[in-house]
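Engineer: Top to bottom, those sequences are chains A and B.
All residue numbers for the first sequence refer to my numbering, where the first residue is 1 and numbers rise by one.
All residue numbers for the second sequence refer to my numbering, where the first residue is 10001 and numbers rise by one.
Think of the hints as simulated: they come from the structure by calculation, not from any bench.
Yeah, the Cβ is synthetic: ideal placement off N, Cα and C, and Gly gets one too.
Watch out, some of these pointers could steer you wrong.
Footprint (simulated), chain A over chain B, 3 or more residues, beta carbon under 8 Å [said to hold, decoys possible]: (1) 10041–10048; (2) 10114–10121.
Subject to a maximum C-alpha distance of 25 Å in a straight line, what follows is the list of computed DMTMM-like cross-link-like pairs (lysine to aspartate or glutamate) [claimed, not checked]: (3) B:K10107 to A:D40; (4) A:K455 to A:D372; (5) B:K10106 to A:D40; (6) B:K10145 to A:D112; (7) A:K449 to A:D385; (8) A:K941 to A:E1015; (9) B:K10003 to B:D10021; (10) B:K10145 to A:E869; (11) B:K10145 to A:D927; (12) A:K1028 to A:D1039; (13) A:K1010 to A:E986; (14) B:K10107 to A:D996; (15) B:K10106 to A:E900; (16) A:K208 to A:E1029; (17) B:K10003 to A:D783; (18) A:K1028 to A:D1016; (19) B:K10003 to A:D40; (20) A:K1010 to A:D1080; (21) A:K1054 to A:D973; (22) B:K10145 to A:E873; (23) A:K1010 to A:D1065; (24) A:K449 to A:E465; (25) B:K10003 to B:E10033; (26) A:K403 to A:D439; (27) A:K208 to A:E900; (28) A:K941 to A:E869; (29) B:K10106 to A:D107; (30) B:K10106 to B:D10021; (31) A:K941 to A:D927; (32) A:K1054 to A:D783; (33) A:K1054 to A:D1068; (34) A:K1028 to A:D970; (35) A:K1054 to A:E1000; (36) A:K1028 to A:E1047; (37) B:K10107 to A:D112; (38) A:K941 to A:E897.
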Amino acid sequence: MSKTTDPDVQNEGVIESVSGPVVTATDLDAQMNDVVRVGDSELMGEVIEIEGNVTTIQVYEETSGIAPAEPVVTTGAPLSVDLGPGMLDAIYDGVQRPLRELQEQMDGAFLDRGVDAPGIEMDRTWEFTPEVEPGEEVGPTDIVGIVPETQSIDHKVMVPPDSEGGTVTDTRSGEFTVQETVVELDTGEEIQMHQEWPVRTQRPAEEKETPTTPLISGQRVLDGLFPIAKGGTAAIPGPFGSGKCVTPDTPVMLSDGELVEIEALFERLAGERAAEDGEVLAEADAELMTFDEETGDIRPAPISHVYRGSTERLVRVTTASGRELEVTPAHKLFRMGGDLQVEETPAADLDVGDSLVMPRHVDVDVSQTTVDPYELLPSARAVEDSVVEPIQAAVEEMSRSKKAVAEAVGVSYDVFMNYTLGRTNPPLWVVEELCAELDLDRPAVERVKPGSNGKPVTVPAGVDERFAELLGLVLSDGMLTERTVRFHNTDPALRERFADLAAELFGVDTAETVHNTVETVEIRSTVVSSLLAALGVPETNKSVTGAVSEAVLSGPDPVVAAFLRGYYLGDGSFSGGTAEITTASEEMATGLTYLLGRLGVLFRIRHREDGSHRVTISGADELAGLSEALADGPEPGVGTHEKLAAIAEYAATTDGNTNVDTVPVGAETMVEIAEAARYAEFADEGLETHNYTGLGEQPSREAFETIGDVIADGGQAVADRVDHVAGMLSDVFFDPIVDIELVEGEQTVYDVTVPGTQNFVGGHVPSVLHNTVTQHQLAKWADADIVVYVGCGERGNEMTEVIDDFPELEDPVTGHPLMSRTCLIANTSNMPVAARESCVYTGITIAEYFRDMGYDVALMADSTSRWAEAMREISARLEEMPGEEGYPAYLAARLSEFYERAGYFRNTNGTTGSVSVIGAVSPPGGDFSEPVTQNTLRIVKCFWALDSDLAERRHFPSINWNESYSLYRDQLDPYFEENVAEDFPEQRQWAIDTLDEEAELQEIVQLVGKDALPEDQQLVLEVARYLKEAWLQQDAFDDTDTYCDPEKTYRILKAIRTLNDEAFDALDAGVPIDEITDIDAAPRLTRIRYEAEYNSYIDDIEESIAAQIQALY
Amino acid sequence: MQKEYRTITEISGPLVFAEIDDPVGYDEIVEIETPSGDIRRGQILEATSDFVAIQVFEGTEGIGRNSSVRFLGNTLQMELTENLLGRVLSGSGDPIDDGPEVEEDKKEPIVGAAMNPYAREYPSEFIRTGVSAIDGMNTLIRGQKLPLFSASGLPHNELALQIARQATVPEEDGG
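Using the sequences provided together with the hints, build the complete structure.
Structural biologist: This is the structure in structure tokens:
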């Protein structure tokens, strides 16, 4: 569409007037809907009205500064899109300008005017394979060849629809650009891969057929209740999408013991992508600790992705042990049910009193952290001959000039000579530079001194137990200055201990002084001080900013224990059977709890109002564990200091246990357990089962293990469960929730993906967190071959989310990126209005092109309300007569014209393809009676009413079953009968009736309460509950549940029907309703959706339901 | 070369219509000088080859058919400089604080270009306003737009000023 140089002025006119996006021109010989170039800056516009000599043009770009008398040039062609390979995986604006290329061309984030780029890359080559032979007859839209466009989609090259066809005379195969001829016809026509089509004209097809195949979405509520046909139209009110993760400062434990905030982990692993703003899902390679539900172990596992997004509310869960988890409401945590089954439960569904699975013992396999003097103490001086001499020798022997080497190392020649002649001791950084310069290995350094004077100090080779203990002492009760390391403590034994450690580790003497009335022992050594500083001991404000050194966190267990010992000796106290450490530093408290987790010691943590954090350990078992871990005496389990001995002594003499380490066992399960073994057998082992069955107490870990032993040969099912849980106990424990709070407000949240177990050990105190990934479900759902997503007048930030998100999503069918079968069209709310009007046409023309190839295409338009508003604006500028609410009178006609381009077609070339249109409407103020919604509802045959109430109740997908409808049910029934089950429509009708009845009953329940209802109606409520929980709800973040094939949809429904039928039979036979609803098998219905191999599972449930209910009468 | 017209044909509310013989661009800025020497500014709402419709910013009072109209040849542009900080400006960007004239570093049209959605970043930096009802329950994020919905008699400008005064981005402060 280049600017014409032809002197023929026929196609060049002159601007007459300008008013916003509407421009009139005179003397322009253009046809309706021709694209014109307006003004000197060549803005793109379209002819929308011709009256005499005056042509009215709507301009797709900002018209400021455009003046009358500037030229208007027609391109002689209507607004067209470029069709050909290269459209998938592309992002366009409303007139098919590729945004990615525009950004490069304009070299900036803003869209300049008058810049254009072809919709498909004209110079990229594609591999073309002909499908026709010379001599064959081809007609319009016949497929002449194939191009593998993306991993997922083969692009079919067709004869243009407006061609007359003819006999093929020549075909070529190989690599071609889209403009090169690949097939020649005897009519002289040359066929290229590239073709154009005017957007406002429907591409021709042989015949529109009644759609009879459902667009399977894998969502039970849609496929089961409100199916849409391939080629159908549907409307959804409101926007889509929501998120679920943890907050940025949540620490995560890596498999080498390192503790990182998830934000830092994200930044580390996401690399360049971390700099991107907005939602990011990046591939990542790292290992962290995860809880394996199958085996009940905490083990290392690789992660595949890290994620960052934002949320509007969080749930803060506080547990009895003081763990606080802040997660998004949909984030799942592991709940230990009363029936001894671990269940993944969304945080929003948790209740106070539920027990969460928490790590007891995190076992990491690591070795001691080494101390590299070159890195940590670069300015300390080398003293050992073994370090200095080889260098002096090398300098003597080298062939290079000493001056040059001195310069390369970065010291003056005089100083350099002093070093190499042994007059002064060289600093380590000089040694290192010199070695690098002379290509020598760095000599091992064991001793250094602070300056040319000063006493030599030993540098420990690594952070071993002694070093860790010293660090613990310093961090608890010590402080650093530039020249000294002080340890303040009134206990002479501890000061001596500190002095001994200093002497052993560094070979330095210590001095006793008094600072601020506290007796102090101090190491006067700049080297030691800077070494500790380099290992992370803060010089100021230690009490608030102190943290467990990295070297200790990623050290082996004895080092961890030694640090805790030092810290406890310095700052810990023991009284009334409770060992306690208090710190004002949250990071320190977090670190300490992780260390305790490494040692398998259970603790509680309290955050006090004054900002301090109190970590306590109590109960005989845990104190014994603590004392054993901290013991440093010659015999195992004996501590040398009286503070340690006190714990050991208490632990040995008491059997008092706390209620920290209990196993949540429901009374019913306990009865089962009790029935599984004889009462006497428990009594023999000293267990009073009545405590647990009648008095509501919960067994301690020890008691629970005994239970396991006793019933091992009793009821096998219960024994297995008990056994499974007992097996977990070495790695995890169960922590009851004491408080749940909802925190509102937009926040950035993070997540990591752990393939397999889907969780990781993290949190401010070690906890097991579940993770998930946001998905644009709608696009992911459909079994369409191609997805065209039109973002029409959406807010820029939301569009960014889509643009960031889509390339990251994986196609559940092929495993390729979802983008490889997707085309995005974006016109954000601040982009020119006229282009918004055209963007839905651009989208549907692209959709029709793929339809012609025989593909099933799903087009999502979000949102058609913004599109209608664009029409309203243009219409007002044209001074047209306004219709309802100012929308043009032709609103309904345009809407139906657009939706009518959807359909199931027999194409001209004999293939069949479909375009399904799913339009979002976002009526202002949620008012469904406004014209756009009303006109849309009149056209579409399927309406999925998103319901914010349901979303708040965490019922997902939150499609309201009472308000939604689908008129495709009848025409799709034959498909379901044939491909799924004979009685599918009948079962569906039953589900609809039951849900309707439930809605009516709920109104009564609101007034009089559930118990006032007759038993049969109570049963309806119960069955409806299963319909909602086991069937309609679907977990988009569960690998299995995210996609549910129609057979499974049917079978779950049928299983609930079985419950319904059996239950009503039993009720008729006089069985009380409580007994019926209490059967064990029924709750298992809600688990079906997580089962990949569902058939046998459902068979089993159906049998158990029948058997258990029939056993009641 | 600026032409001055005395061709006003119609004045109606804030709108002034003038005949022209040289074309003027849409959205351009116009100066109208009243017989008393007052200068009013306006913007072109509709430009045709023989007349223009001008929207006058400061009111049409005092403008008559013998007023003169000058077309400045550019769209409304704002003079930009760091020194604008601390100044008080009128709605058309002129200083009204009795201070010195603004010496601009550059001029930019007030109608900005649309942003390429592909180039956008997703907003995620928390703005701390120090107003707990906002920070706690309705958090502001940098790059978002949030209107204050007010009703008559409510001190929305006080709140807006308070937010403007106190807002910080902790993420940025932290490094």
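Engineer: Does each hint hold? Answer for all of them.
Structural biologist: Now for the hints, and whether the structure bears them out:
no.: 1; hint: 10041–10048; verdict: holds (count 4)
no.: 2; hint: 10114–10121; verdict: holds (count 8)
no.: 3; hint: B:K10107 to A:D40; verdict: holds, 22 Å
no.: 4; hint: A:K455 to A:D372; verdict: holds, 20 Å
no.: 5; hint: B:K10106 to A:D40; verdict: holds, 24 Å
no.: 6; hint: B:K10145 to A:D112; verdict: holds, 23 Å
no.: 7; hint: A:K449 to A:D385; verdict: holds, 13 Å
no.: 8; hint: A:K941 to A:E1015; verdict: violated, 38 Å
no.: 9; hint: B:K10003 to B:D10021; verdict: holds, 10 Å
no.: 10; hint: B:K10145 to A:E869; verdict: holds, 20 Å
no.: 11; hint: B:K10145 to A:D927; verdict: holds, 23 Å
no.: 12; hint: A:K1028 to A:D1039; verdict: holds, 20 Å
no.: 13; hint: A:K1010 to A:E986; verdict: violated, 29 Å
no.: 14; hint: B:K10107 to A:D996; verdict: violated, 65 Å
no.: 15; hint: B:K10106 to A:E900; verdict: violated, 51 Å
no.: 16; hint: A:K208 to A:E1029; verdict: violated, 39 Å
no.: 17; hint: B:K10003 to A:D783; verdict: violated, 65 Å
no.: 18; hint: A:K1028 to A:D1016; verdict: holds, 18 Å
no.: 19; hint: B:K10003 to A:D40; verdict: holds, 22 Å
no.: 20; hint: A:K1010 to A:D1080; verdict: holds, 22 Å
no.: 21; hint: A:K1054 to A:D973; verdict: holds, 17 Å
no.: 22; hint: B:K10145 to A:E873; verdict: holds, 23 Å
no.: 23; hint: A:K1010 to A:D1065; verdict: holds, 21 Å
no.: 24; hint: A:K449 to A:E465; verdict: holds, 24 Å
no.: 25; hint: B:K10003 to B:E10033; verdict: holds, 13 Å
no.: 26; hint: A:K403 to A:D439; verdict: holds, 17 Å
no.: 27; hint: A:K208 to A:E900; verdict: holds, 10 Å
no.: 28; hint: A:K941 to A:E869; verdict: holds, 23 Å
no.: 29; hint: B:K10106 to A:D107; verdict: holds, 20 Å
no.: 30; hint: B:K10106 to B:D10021; verdict: violated, 32 Å
no.: 31; hint: A:K941 to A:D927; verdict: holds, 20 Å
no.: 32; hint: A:K1054 to A:D783; verdict: holds, 24 Å
no.: 33; hint: A:K1054 to A:D1068; verdict: holds, 21 Å
no.: 34; hint: A:K1028 to A:D970; verdict: holds, 23 Å
no.: 35; hint: A:K1054 to A:E1000; verdict: holds, 23 Å
no.: 36; hint: A:K1028 to A:E1047; verdict: holds, 18 Å
no.: 37; hint: B:K10107 to A:D112; verdict: holds, 17 Å
no.: 38; hint: A:K941 to A:E897; verdict: holds, 15 Å
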